[in-house]
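Colleague: Okay, here's what each chain looks like letter by letter:
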Amino acid sequence: MLAYVLRRLIQSALILLGVSFITFVLLYVLPADPVRQIAGRSATPETVESIRRQLGLDQPFVVQYANYLWNLVHGDLGRSYLQKTEVAALLLSRLPATLLLMVAAIFCELLIGLTLGMIAALYRGRPLDNALMLGSFVTVSAPQFVVALLLLYVFSVRLGWFPIGGYGTAAHLVLPALTLGILGSGWYSRIMRSSMLDVMRADFIRTARAKGLGRARVVLWHALPNAILPVIAMVGIDIGMFMSGIVVVESVFGWPGIGQLAWQAIQRVDIPIIMGVTLVSATAIVIGNLIADLVAPLIDPRIRLR
Amino acid sequence: MTTATAPLLPAGTDPAEVVLAVRGLQVAARSDSGLMPLIEDLSFDLRRGETLAIAGESGSGKSITALACMGLLPQPAVRVTGGTIRLGDTELTGLPEARMQRIRGARIAMIFQEPMTALNPVMTIGRQLTEAIRAHEPLGLAAARTRTIEAIRAVRISQPERRLAQYPHELSGGMRQRVMIAMALALRPDVLIADEPTTALDVTVQREVLDLLRDLQRELSTAVILITHDMGVVAEMADRVIVMRRGRVVETAPTASLFAAPQDDYTRQLLAAVPRIGAGQARPAQGSPLPDGGDTLVRMTDVSVRFPVRQGVFGRLHARVHAVEKVSLDIRRGETLALVGESGCGKSTIARALVGLVPHEGRIEVGGKALADLGRAATKALRRDLQIVFQDPMAALDARMTVGELIREPLVIHGIGTPDEQRARVRDLLERVDLPALAANRYPHQFSGGQRQRICIARALALKPRLIVCDESVAALDVSIQARVLDLLRDLQAETGVSYLFISHDMAVVENISDRVAVMYLGQIVEMGSRAQVFGDPRHSYTRRLLAAVPVPDPQAPRRDMPRLTGEIPSPVWPIGAGPERKVLVDMGAGHMVAPE
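Chains A and B, in that order, are what the protein sequence lines are.
Going by the numbering used here, the letters in the first sequence line up with residues 9 to 314, in that order.
Going by the numbering used here, the letters in the second sequence line up with residues 5 to 601, in that order.
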């Protein structure tokens, strides 16, 4: 177990190294010039060159990347080009908000998705199943900002139940988390439905019924733990998708998290921040997968971590 | 065996008491063209303490009968459309689910074919058993646990307290089936339905489970419905037999008279198709070379296959599974060498090493050339000479390709002939395996199991191989179809001179088809010789045990006594540097090789 976690962490470090390299290359070949953004339109060529030298952007690619890595292993993610603050400090100040939103959203997503998927499976082929699957199709295909604006309009503007945007209380959390939750639930209800249908056909379900167990017990005790396994693996993978949703939702709701920071940084070609956010996202995905893999054997004793 | 050992009945019970009465049962499935009957007009009585076998081939409706009695038909797709099922004085058809739940598991219980999948993999054995008891009896956890331990002890599982905390995957197949039996009998039901209870088990394990079932049935005077395709099991276990075919009863008779004088043609055919040990001598000796004649096609010398077990941060090699351990054998041109043994003994692994599907150590020569010395092109050419036919033809055929494409594919891969020639060859091959030329345009799912296996054989023959590996190729087929496929294999061998490496767990089938036999145990060969030598004069204790365990399809035959084993098979996993003791075969004369004990 400990050896497994250790090996996974070593693998994770390698993955993050790869991610940093790819992101660095992409930003290097980007046609937008960060120096122009900083210097402004009216700057003289001399000013531009001096800023370029100051930021080290006149160095060859290999040197730039090596410098970045060297600083990275010392915990230095560089300084924002525009805000002149430490990227690490900036990310740390934004991280709690995003993590809170992420946990709340995954909770919503699983609660809605798994429940509806299970119900759809039990009512397979009947009108309720069709309606739920149509609903899941709509949520999967709906653009994030549409759902966000719809919820805002109904629950904040019309009903006035929740604040329109911002951060601070539990009430502020509800709508952003619900937006992400509804959007993600479509996938999960579909996976859960097909997983549940597979499990309900399994021999051990027939055994459970042959024992004379009631339907509720068969479904909740025998089918559910088996059906949930593929879903857990999905959650780990899904965190990547989640990060893109977070960028949009944080912007719409004015949620002061990493997504909002990323959005601003991309607009201004603030390379150190983009690099920082990418690395944080990659770390989140890697850790999410690790957690998913560690949870699986708790449910299914056949899974051995090696 | 019907009356010799009358069950000791509890006082006050009438031995002739009918516990389950089925009258005019009709079951039908919904299909596009209306209701399709699955069972028509089935009637029988089941008396206390009696074992009634329902025998038949796939599609006969025997399993549907069981599910109908349990109220477990996959409704609404399949349902009872007529007739009655009375358990004591309760009518089961049309009983509301809530009342049926109280009967299921308590008064009528069932065990299934696949003990691997019939238990919930994520729940401990203890919880699954306790749950079954507590579903019907209002016991506290401690009391239920005591009952559970009693139930496990009753099915002769050692260390019952420890088993409670184990999960199904930690037990062997035989143990799992015992757990199922414990679960089914814990509440002393009136009726136990056993649906192919030993089909998925090895033959020695089957013997243990059958013995156990019989003993428990006598103790509890439970009435048993035994559903099976295996006439050997019927002969050993049943008092009476119902033979079913396509949803109808063909014949009902006491076991002894059914075997002695079958009345219906179908029953006669069914019994005639059953492979019997001792009937193999009927095979003509001409057409196949004498066991000591013929030149060698394949020679294996000290072949080992080991799988690594890795552990630790860097996946350090920790131990090895010794699947095949220094096996040496020859296969001669035109002969059938059978490799027999129980699951996990390494017989399939040898075959996979031979055709290059798993890496091996040691030397394998085919036609005098060592496999290891060949280059890429020569290896590909060699693949043409070695073909394989697997157990499950449905899984072995790509469902999206027509039969013609499937059989032609090997020709295309090896670039043999023009497209027209290839198509002509496909027609020719289909004819060889007794399928119409039109079959080429159809898809695998449009054929029956036996026909699909013929398609697999045709595909294997396409490249005119010198050796075909048959890995449990007839194990999944009904006996009558099995007999025809074996005939086909034999005819093809006479025509083309191909050799077979025939891998099977079924001793009767092996005796029917093989020229020579090698018996494997724990990755090593323990006995090898001609069919007559191994079957007529088995020398190794394991071979004897295998042969004694096979159920004999003759109720009059004296039951061969076998020591009741409860021990586990030793593990083939060894730490690095260690390994099993090598068994050196000793020639007992005329090529009969036996490992000394």
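No lab work stands behind these hints: they were computed from the structure.
One should not assume that every hint holds.
Unchecked claim - Listed next, with one range per pair, are the computed distances between beta-carbon atoms: (1) LEU378(B) x ASN138(A): 54 to 64 angstroms; (2) ILE23(A) x VAL416(B): 56 to 66 angstroms; (3) VAL590(B) x LEU302(A): 48 to 58 angstroms; (4) ALA382(B) x ARG132(A): 53 to 63 angstroms; (5) LEU100(A) x ARG320(B): 46 to 56 angstroms.
Stated by the list, open to error - Away from chain A, derived, C-beta distances all over 10 angstroms, residues of chain B: (6) LEU76; (7) GLY109; (8) PRO125; (9) GLU135; (10) GLU200; (11) ARG252; (12) ALA264; (13) ALA480.
Built from N, CA and C at the ideal position, the CB exists for glycine as well.
Colleague: At 10 angstroms, judged by beta carbons, does GLY109(B) keep clear of chain A as stated?
Modeller: 3 angstroms, violated
Colleague: Indicate whether the distance between the beta carbons of LEU378(B) and ASN138(A) respects the range 54 to 64 angstroms.
Modeller: Given a distance of about 59 angstroms, which is inside 54 to 64 angstroms, the answer is holds.
Colleague: When you look at the beta carbon of ARG252(B), is every beta carbon of chain A farther off than 10 angstroms?
Modeller: 25 angstroms, holds
Colleague: Does the hinted range 48 to 58 angstroms hold for VAL590(B) and LEU302(A) at CB?
Modeller: 53 angstroms, holds
Colleague: Since PRO125(B) was said not to touch the interface, does its Cβ keep a gap of more than 10 angstroms from each Cβ of chain A?
Modeller: Since the minimum Cβ distance to chain A is about 6 angstroms, PRO125(B) lies within 10 angstroms and the statement is violated.
Colleague: Range hint 46 to 56 angstroms: satisfied by the CB atoms of LEU100(A) and ARG320(B)?
Modeller: Once the Cβ atoms are compared, 38 angstroms apart, the range 46 to 56 angstroms for ARG320(B) and LEU100(A) is violated.
Colleague: Does the no-contact call for ALA264(B) survive, Cβ to all of chain A over 10 angstroms?
Modeller: 36 angstroms, holds
Colleague: Okay, ILE23(A) versus VAL416(B) on CB: inside 56 to 66 angstroms?
Modeller: Hint violated: Cβ distance 41 angstroms, outside 56 to 66 angstroms.
Colleague: Was GLU200(B) rightly flagged as not at the interface, with every chain A Cβ beyond 10 angstroms?
Modeller: Holds, because the least Cβ-Cβ distance between GLU200(B) and chain A comes to about 12 angstroms, which exceeds 10 angstroms.
Colleague: When you take the CB atoms of ALA382(B) and ARG132(A), is the distance between them in 53 to 63 angstroms?
Modeller: Holds, at about 54 angstroms.
Colleague: Against chain A, does ALA480(B) keep a CB gap of more than 10 angstroms to every residue?
Modeller: 17 angstroms, holds
Colleague: Just double-check GLU135(B) for me: nearest Cβ-Cβ distance to chain A has to come out over 10 angstroms.
Modeller: 7 angstroms, violated
Consistency with the previously given hints fails for numbers 2, 5, 6, 7, 8 and 9, ordered from lowest to highest.
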